[in-house]
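Just so you know, the sequences run in chain order A and B.
Mind the numbering: the first sequence is residues 8 to 385 in the numbering used here, read in order.
Mind the numbering: the second sequence is residues 8 to 385 in the numbering used here, read in order.
Do not rely on the hints blindly, as some may be mistaken.
[As the list claims (entries may be wrong)] Straight-line Cα separation of at most 30 Å, BS3-like style, residue types lysine-lysine; simulated pairs:
id	chain 1	residue 1	chain 2	residue 2
1	A	K206	B	K314
2	B	K239	A	K22
3	B	K314	B	K17
Derived from the structure by calculation, the hints contain no laboratory data.
2 protein chains.
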Amino acid sequence: MTNIPLNDLKRTFDKHGMALQAAVGRVMASGWWLLGPATRDFCAAFASYVGGGECVGVGNGTDALEIALRALTPDDRHGAGAGDDLPEVVMAANAGGYSSFACHLARLKPVYADVEADTLLLSIDAAVAATSADTIAVVATHLYGGLLDVSALRRALDAAGRQRVAILEDCAQAHGLRGCGGMAGGLGDIAAFSFYPTKNLGALGDGGAILSRDEALIARVRALHQYGWSRKYMVDTPMGRNSRLDEMQAAILHVLLPHLDDANAARVAIQSAYAAALPASVTPVRSPLGSVAHLALVRTADREALKAHLAARGVASDVHYPILDCDQPGFAALPSRVAGTLERSRSAVAEILTLPCFPTMTDAEIAQVCDALGTYAG
Amino acid sequence: MTNIPLNDLKRTFDKHGMALQAAVGRVMASGWWLLGPATRDFCAAFASYVGGGECVGVGNGTDALEIALRALTPDDRHGAGAGDDLPEVVMAANAGGYSSFACHLARLKPVYADVEADTLLLSIDAAVAATSADTIAVVATHLYGGLLDVSALRRALDAAGRQRVAILEDCAQAHGLRGCGGMAGGLGDIAAFSFYPTKNLGALGDGGAILSRDEALIARVRALHQYGWSRKYMVDTPMGRNSRLDEMQAAILHVLLPHLDDANAARVAIQSAYAAALPASVTPVRSPLGSVAHLALVRTADREALKAHLAARGVASDVHYPILDCDQPGFAALPSRVAGTLERSRSAVAEILTLPCFPTMTDAEIAQVCDALGTYAG
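One chain only, chain A, in its complex shape (with noise of 0.2 Å):
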C-alpha cells in the first residue's frame, strides 16, 4: 500500500521538465517579462482553443473574476451608494468563495441561489428565480469540472424578461470543457479562468485570464487589468487595479496547452473508474452534460467514515468546499441576499468528499483508490 496524495505537482513538473526549463530560460534571458511576446502568444493560442475571442491574461482567478465582475458593472453604477443600491450578482454559494470576493471587492451584492441536488451546479430555476431588477450578471460556475448548461440558462434569463443580465462563466476548474456547442469559457458573455498549479491548465505560480467575443467589454477588461490607463500613465477608466500575467508563466502555460486534452481524458477516465467502483451508499457527483474531472467528488451520508476508511487505505480525501458562502463569519457584516432556502446546497456541504484525482496518477493508485471505496460498508 502507498500513500497516495489528493494531488502531485511534482509529477506534473518531471513530466514536461525539460520543455518547461527550456520555455522559462527564453523568457527570463529575454528581458521582458510583463506584458510580452509570450503573453500575447498563450493568450492568442488559448482563445483559439476555446473557440475565438479575445483573451486577458491577468494575475489571478479571482482577479479575474473582480474584474470581469467590473467590466460589466455600468459607468453609473460604480462607487453605487452603500447596502441595498448595489447591483446584484446571482451565484451558487458552494464554490468556495471565490465568486464572492469578487463581489465585495467590486461593490456588488452577491445573491445566493440553490444548486442541482445531483451535480451541485447552479440550479438555472433557482437563479432566474432569485434575478431583480439589480442584478447585473448572473455566475456560472462549472464547478468541479463539471458543465453548466449556459445555453439553457440564457434561454431561462431571455424568457423571464432578464435579456440585460449578463452570464459570467467561472471556468477555474473547467479548461477545456466541451459541450452545450461549444467550449467552457465561450459559452457566455464572458469568463474567468484561474491558472492555480492545481487547475486542469496550471500554472507554476500564480495567473489567470479573462476571455469574451465582446469587443466593447474586453477594451474595459484590458484598461481595468493595468490600472485603467488608456496609455502609460494615463487613467481614464475608474477603478482599474494591477493585475497581470507573468511572461514566465504565460510561457509556462504555452507548453502545457497541447497536452490539456490527454490530460483531462485521464482525470475524466480516473472519475468514471472511480464511479464503476462505488458501492450503493456513496454516489458520484458528475454533470451528464460533459466534465473534466477537475475534481472527483462524492457524497455519502457519513462522510467521516468514508474518509476514516480511506485514510486506513492509504487514500487522501478532503471537502471542497466545507463552508457555504453565506455561512462564512467573514462575509456576514458585507453586503448579500440568499434566495430561497439554499436546501440542497446545505444538504450537500455535509456529504461531500474529494478523492484524490490528477492526470499523472499511476493505474496502481487508481486501482488502490477503486478497491478502497469497493470495501467501504457505509
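Given the coordinates of chain A, assemble chain B onto it according to the supplied hints.
For chain B alone, coordinates are given in the frame of chain A:
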C-alpha cells in the same frame, strides 16, 4: 554614439543569469510554487535586511499598498458609506497614482497635499495641515529613491494631535535606502514594496511585499492577502483578496538581494555624475537625506528642448509622472480631496525629466549622457 535606453533589463539578467536560472530551476522542480520555502526564506532575509519585523510577499506593489491600507482601516470603517464618510489617506499627488488606486480600491479617500520644491517629496507641513479627524494614514512615498524624513513626519503628526494617524511608507522606489537612523521600510508603521522588474530590487515579473514590526497589523495583512482565511476555506477577516508572491519570483529576489547595495551605489554614482555635469538651467531632483537613485530626475524650464537635445545625442528620457493624481480623468468621479493649491506639485509636473539610470550602465554610456547634459545651452 550609441543609443542609451532609460533602462535595460536584459543586462540585469545577464549579470546574474547562471544563479537566477539555477534558483528558478530548483523551485520549478520542487513542485511547490506558492507560499513555500522560497517565499518564506526571502521574506525572512528581506525583513532582516530592512531591519526587523515581518515581511509578507504579495502579487505586486499596488496590491501591497491596497492591502496595507485595508489592514490599517479600523473594522468599523470597512464598507463605510459613500462620499464624505470615507476614511481619509493623505499623500502627494505626484507619485504616479499607485496610492490613489489603492485608496479607491479599498474605499478610502485620497487627500492630496503639496510637495517640497527641491526634493518633490511630500511636504511634512502640508501633510499635517491636510489631516482631519477622518485621517487614518499618511503615505510617505520615498519618491525616485529619495528619503522622506519619516521621523520628522511622525513628530509633526504627534505635535498636531494626530498620534493615531499611521504612516505607510511607500518603498516601491526605495529598496535599501538608509537614513533617519534606519532603512526605508522600517521607519513608519507599515511599508509597501514593489518588485516590478525595473525596481532597485526587481523580480522577473510582478511581485511585492508588506513589512511591519506591528504583530497585530502584519497578522491582518497575512489574512487579507489570502482571502481573509484563518485556515484553508475559512473566511474570518472581511475584504480579503488573493495576492501572493510566486515562489519563482521569491527565489529570484533572494539571489538579487545580496547585490542590492552594490547596485544602489552604482545608481547613486550615476546620479552624482549627472549632477556634476548639469548646466545652470537644469537642476537635479534629489533628497539631501539619502538616495538610492531609483530614477535620476532633473528639472528645467523648457523640458521639451532638453528632451530633444538629449534624443539627438542618443539619450532616452521620459517623464515620471506626467499627470498629477488629482488631474487624472479616471479619478474625477471618485471621492478625493485636494488640500491647498498644490502649487509646487503643479509647477514641477511641467518641468521634470527622467534620465537613464540603471546599475549596468557602462562608463562610456554615463559619460555620453554627461556630455549631452553639459552641452545643453537651455
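Structure-based check of all given hints:
1. At roughly 49 Å between alpha-carbon atoms, K206 of chain A and K314 of chain B are farther apart than 30 Å, so this suggested pair is violated.
2. Annotation: proposed proximity of K239 of chain B to K22 of chain A holds, straight-line Cα distance about 29 Å (limit 30 Å).
3. For the hint linking K314 of chain B to K17 of chain B, the alpha-carbon distance of about 25 Å falls within 30 Å, and the restraint holds.
Going through the hint list in order, the structure does not satisfy hint 1, though it satisfies all others.
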